[in-house]
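Engineer: Residue numbers (the working numbering), protein chains in the order written: chain A, 8 to 345; chain B, 31 to 587.
Quick caveat, the hints were computed from the structure, so don't treat them as lab data. A hint or two may mislead.
Stated by the list, open to error - Simulated coverage check for chain A against chain B, where a stretch passes if three residues somewhere in it have a Cβ under 8 Å from a Cβ of chain B: (1) 12 to 22; (2) 74 to 88; (3) 112 to 121; (4) 326 to 332.
On a predicted model such as this, the values are computed, not experimentally measured, just so you know. Idealized CB from N, CA, C, for every residue including glycine.
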Amino acid sequence: MYNSPYLRQNTSVRRVMVTVLVAMLPAIAVQVWLFGIGLLLQIALASATALACEAAMLSMRRRPVARALGDGSALVTAWLIAVCLPPLLPWWMIVIGTSFAIIIGKHLYGGLGQNPFNPAMLAYCVLIISFPALMSQWPGLQGSDPATQLHWVLGGERALDAVTGATPLDALRTGLLGNADVSAVMQSAAFGHVAGAGWEWVALAWGAGGLLLLALRIITWHIPVAFLGAMALVSGVAWLIDPSHYASPAFHLLAGGTMLGAFFIATDPVSGATTPRGKLIFAAGIALIAWLIRAFGAYPDGIAFAVLLLNICVPLIDIKTQPPVFGHKVEPPDGGAR
Amino acid sequence: MLSKLFSFNGGVKPDPNKSLSTREPIARLALPPQLVIPLHQHIGGTPRPLVHVGDKVLRGQRIGAADGNVSSAVHAPTSGHVVAIEPRPMPHASGLSSPAVVIEPDGLDAAIEREPFDWHAAAPGEIRDFLRDAGVVGLGGAVFPSHLKLNPGKSGHTDTLVINGAECEPFITCDDMLMRAEPENILRGALIMQRMLAAKQVLVALEDNKPEAAAALKAAAQSLGHASLEVVVVPTRYPAGGAKQLIRVLTGIEVPHGSRSTDYGVQCFNVATALAVWRALEHGEPLTRRIVTVTGNVERPRNFDVAIGTPISHLFAAAGLKPDTDKLIMGGPMMGIPLPNIDAPVVKATNCLLASSPALFAPPEPELPCIRCGECARACPADLQPFELYWHSRARNFGRAQEYKLFDCIECGCCAYVCPSHIPLVDYYRYAKSEIWARERDKDAADSARERFEFRNWRADREKEEKAAKLAARNAAKPAVKPTDGSAPAADVAPSAGDDPMKALIEAAMARARAQKEAVAAKNTDALTPAQQAQIDAAEERRKRASELSGSNAPAE
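Please model the complete structure; the sequences and the hints are all you need to start from.
Structural biologist: Structure below.
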């Protein structure tokens, strides 16, 4: 015997997760086109690790394995980890990162829906703190042939310096530390029209996937708008004050993980704020901290750290931003005497 | 003219499925061999039966009298004999029984002679009493006694009377068909209500998926020619027909949970209720029939004009229940209640009987964890955060659930409808609400038990103390006599003590005082144990307090 409502919309967690995976495809395609097929290998490694860890944890926790594996949430985590990492990392790195995300980041907190931290960003932070040198090795645009890429990922000897280079954010940071000004740094080949060469296209592809999520009502406008708005605002103010030391808002919007973060990372419903006002505060906070880390911190990009810091604030943000309930928006006509 | 419509947040747009049951006009269903008329069909007190087993009753005869003012009468839908007055299964998810009058129709359908009642000349109070005794209650589903709502209250007038024909839930079409069939009489009923409420305007509202009904009502409104009466078509979005949502759409006013809409100058009635008011006052017909939609997994879905008390099985037989039916529902697919018993009767609240099959309403998929996607919050017409209510209800953290306004939930089912994790959210809220109610009941019961126990102890103590005090007083009185006797010789001796008359007087006075003191000292109450003394003191204190209390109560009385 079950009760009303008997009518259900045709929807499921699996459908939501698969939609997110589909929305990631444009950016994945652009990254593969720019940097080679290493990313596809990383996605395969991450997916296999995530599913294996998920199945192991579920059976250890005595939960139905097949149903939870089918919800697709582990794959979303895996893919998000893969797209954040340099595509030519040795295979064991993404295995470590993904295992950490699923086992410690997700299941030790109680599994799907219970994790306070974004699992993909946890994996990224664990890897960048543990292996900072490897994590900065992004391949250059000239690329290398698929066989060589496979060889490197799967653990052959690494002569990466020839093909890897600094990301635009990295180059900017190094340049500024070397007392060059922004415009001088941006003359180098790593930079394109407004941000990094090629990177601009990756960012735009993330934006396109994000618009798809918006159109399909998987996410609301609040987080992307607040994220990008706050990023443009803080970087814009700094840029107007001192354009020789601070990059332009356009650069910040299209460099690094801004677009990915705004549409795919900060919008993770489980670890993010849930109320409309809370989402605005949450996303703006991430953008502000990410920019601070970019401008003044020790790491070239700060999206991952900013997301984790704001994840901590989510319970407080949610409590303090509860929207008024129907009929409780205004005082009753007799001044609340009842 | 209403210049502007408002909107409510949230809501969903399920497939209306209304055309199933609107193809055929309303059919008058033949009487069953037995009518089971529950005495309690409304919010409020259970009517007391006015008939006995074996009595002959006539159509329209009152068989249950309203129990106090928050109640409503029930009537015989046809003439016949009372064959039983006993508990019968009710159309309720619990399947519990409740007292009912069972009538065997005699086939004559002889009507009782109606008492003449000139509502045009009657005072509002008299009309309300008449409607109570005619059994008119809200037919939208809440079955709240209508006479209680037809009162403008302290202000003496109402701004807006809303006549609700929105009928937003899928599958249900009884109001739609009624509005097509009797638009003028619905409006006439609405105008009577307008007079009783001293309402400035009457808004008859219905969703834009009922164009035939809207056209019929508009034509009727034109022919009646009342400037203050307007037919308003509102956008179709479930639950636009919820009283609070409809009031919001029409006036922009949000009536909070626990408040009466009259405090905000608005009152709302269902279209069928307006018609029932008209029939009761104009034709003296009490509420003994209603329109019921029979739809879903049946061969011939349609609307029936049914005598209240007709077994539900009789309606499904007329509509042709399909064999693969797995569940019967009273109401719609969003808020309807499951019916455990097909022989339960149609009551005043029965707007729709819906047969379900696995193909029509698939059994719910397994529940997955909540991913806090917020779809439920976007769909909630009460602007709640349903997933927060879910977390707290699930954790049995009922205090927090109430802080998140659990009791503002109208159980419309929008949240569960959109949930991608297939969580039966409304079931969690029902569970939390019933747990809170049960705890409050338990607490109330414990409180009154504790009060009774404390009073009993207090009374026992008081009686014991009073007895002790009485005893003490009696004992004190006896020895007090002796020293008084003994003091006389002392007083006699005193004057002889000296020559100085002054000195003698003083000594005499001192001797008297001494004697008095001795007399007091000799009281055996001084020999009381401390415990006895404490009891006496306590008794004195209580008596003092009692007299204070009666003193302080006196002016209030």
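Engineer: Does each hint hold? Answer for all of them.
Structural biologist: Checked hints:
no.	hint	verdict
1	12 to 22	holds (count 9)
2	74 to 88	holds (count 4)
3	112 to 121	holds (count 4)
4	326 to 332	holds (count 4)
Comparing the model with each earlier hint shows no violations; every hint is respected.
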